[in-house]
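Asker: The residues making up each chain are set out below.
Protein chains: 2
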Amino acid sequence: MKQLNKKIVFFISDGTGITAETFAHSVLAQFEDEYVFTQIREPFINTEEKAIKVANKINELAKTDIPLAFSTLINVNIANHIKNSNCVFIDLLEPFVSLISNKLNVKPSIKQGLSHSNTHNKNYQNRIEAINFTLEHDDGQFIYALDNAQIILIGVSRSAKTPTSLYLAMQYGIKVANYPLTPEDFKACALPNALKPYKNKLFGLSIDPYRLSEIRNERLPNSEYASIINCKNEVKNAEFLMKINNIPFLNITNKSIEEVTSTLLDIFDIHN
Amino acid sequence: MKQLNKKIVFFISDGTGITAETFAHSVLAQFEDEYVFTQIREPFINTEEKAIKVANKINELAKTDIPLAFSTLINVNIANHIKNSNCVFIDLLEPFVSLISNKLNVKPSIKQGLSHSNTHNKNYQNRIEAINFTLEHDDGQFIYALDNAQIILIGVSRSAKTPTSLYLAMQYGIKVANYPLTPEDFKACALPNALKPYKNKLFGLSIDPYRLSEIRNERLPNSEYASIINCKNEVKNAEFLMKINNIPFLNITNKSIEEVTSTLLDIFDIHN
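Same order as they appear, the protein sequences are chains D and Y. The opening position of the first sequence corresponds to residue 554 in our numbering, with each subsequent residue numbered one higher. The opening position of the second sequence corresponds to residue 554 in our numbering, with each subsequent residue numbered one higher.
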């Protein structure tokens, strides 16, 4: 195996730093053939005093190897302490803020910790409400409030309905219910009655039966439920039900929750 | 009220675009005093043909007003179609990838859709496992497996334990259980027995009683449970229990899930 180089990476923010860190991972992903990165988080760096402490830490570590430092510090005086320390300083916000400011000919507001600090705004409240809704409407529960669902995911047990629903709620504030398709539905060769009034909200998740069998075996090893024969039957029947009812569906076997989410936002044309 | 300018913003990615979009929101947040932004998502733009379609859409809209276009397209040929369209082109990845490439003297791997496409890696599997664990250990369920929890959140009913737990699981793959503190515990003036062996994993969420009463009133209007007197008592008793047991806690009233998460990562010194 190839020996990877090591590199320390700081994520420095005046807020949570979560957005910056997630984004920086996309940048670092381009170098993972060569490097293994050790992360150090420095959130809530909103005073010069705190910045000086971080700068000292960087300088100490730099004696061995100069670290990378991703920063979303918006205050210039605070940022300068990091910039002047012995690091590869990577300012994630300033270049874009300057570019847009110039192009639109408008001044930025220069507020710290903007992206995750406002718990009173509508958007944040929507997300919390959507998480609660989605938990209450997980796995076919509380079917009498499906009227309020924006999307209803259907599929066989363990086809990633719950994590996908929660991701949509948490990231986008979308109210997602999910409902299992079970052997009873396949016997009746019909959608569950509770779902029939909501055909235009339904979306199916399907999965490769071999992968499904693997996942189910982790839960209930050597069960009929997890057997490959049963998984093949359930998946075949579920896809058949979706097809005859004109319900769009997606095979999620090699897709991440984020990829499924992105497809769903597109199909349901959701822009929030 | 101040009249805000309107601006269309494209998010164009060869993958889901979710990371880029979330990050771009932090950039745009600096201009929200002046502008209201309409978002158009263009995920999975992984061929020149698809890029040309997006470029045409941009040119059409630009007849009214030139849009902003945030791009994380890593393939130059694909990106050029957008770059040459009538937009303010904002390349989110390339400047950083170039900078790091130069400083570390190593070539980037130039893989498309990297950040959310690999469902087979350990990190992704951890996240899915953590989501399942967290759902199974929500609200004091399945207490016999608390051994495997990395963090156990405690607090009165409706103190944001569940959304915080789920966010930690989903974003960081951390196994978080949560356990309610109830009037029975306050009467006994002791932690629930199930939690006693895990003192070093416990973290408390507290909340302003007036806000708690508001939240509970949305669920059960005019109930004893939601009354301000009861909320005051519960919060006071919960904080007392935490203090005498030396359990760190945080008042989450004006904090977002992300802010609480960031604090928890710091306190438990979690680096994944």
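Don't read these hints as lab results, they were simulated from the structure. Careful: at least some of the hints might be erroneous.
Identical copies look the same in the list; a pair holds intra-copy or inter-copy alike.
To be verified - Below, simulated PhoX-like cross-link-like pairs (lysine-lysine); rule was C-alpha separation at most 20 Å, straight line:
{"#": "1", "residue 1": "K636", "residue 2": "K656"}
{"#": "2", "residue 1": "K660", "residue 2": "K560"}
{"#": "3", "residue 1": "K660", "residue 2": "K559"}
{"#": "4", "residue 1": "K796", "residue 2": "K656"}
{"#": "5", "residue 1": "K560", "residue 2": "K656"}
{"#": "6", "residue 1": "K656", "residue 2": "K616"}
{"#": "7", "residue 1": "K559", "residue 2": "K749"}
{"#": "8", "residue 1": "K636", "residue 2": "K560"}
{"#": "9", "residue 1": "K603", "residue 2": "K636"}
{"#": "10", "residue 1": "K656", "residue 2": "K559"}
{"#": "11", "residue 1": "K555", "residue 2": "K660"}
{"#": "12", "residue 1": "K749", "residue 2": "K785"}
{"#": "13", "residue 1": "K789", "residue 2": "K555"}
{"#": "14", "residue 1": "K660", "residue 2": "K789"}
Asker: Give me the numbers of the hints this structure contradicts, sorted from smallest to largest.
Answerer: As far as the earlier hints go, 4, 7, 12, 13 and 14 are violated by this structure, in ascending order.
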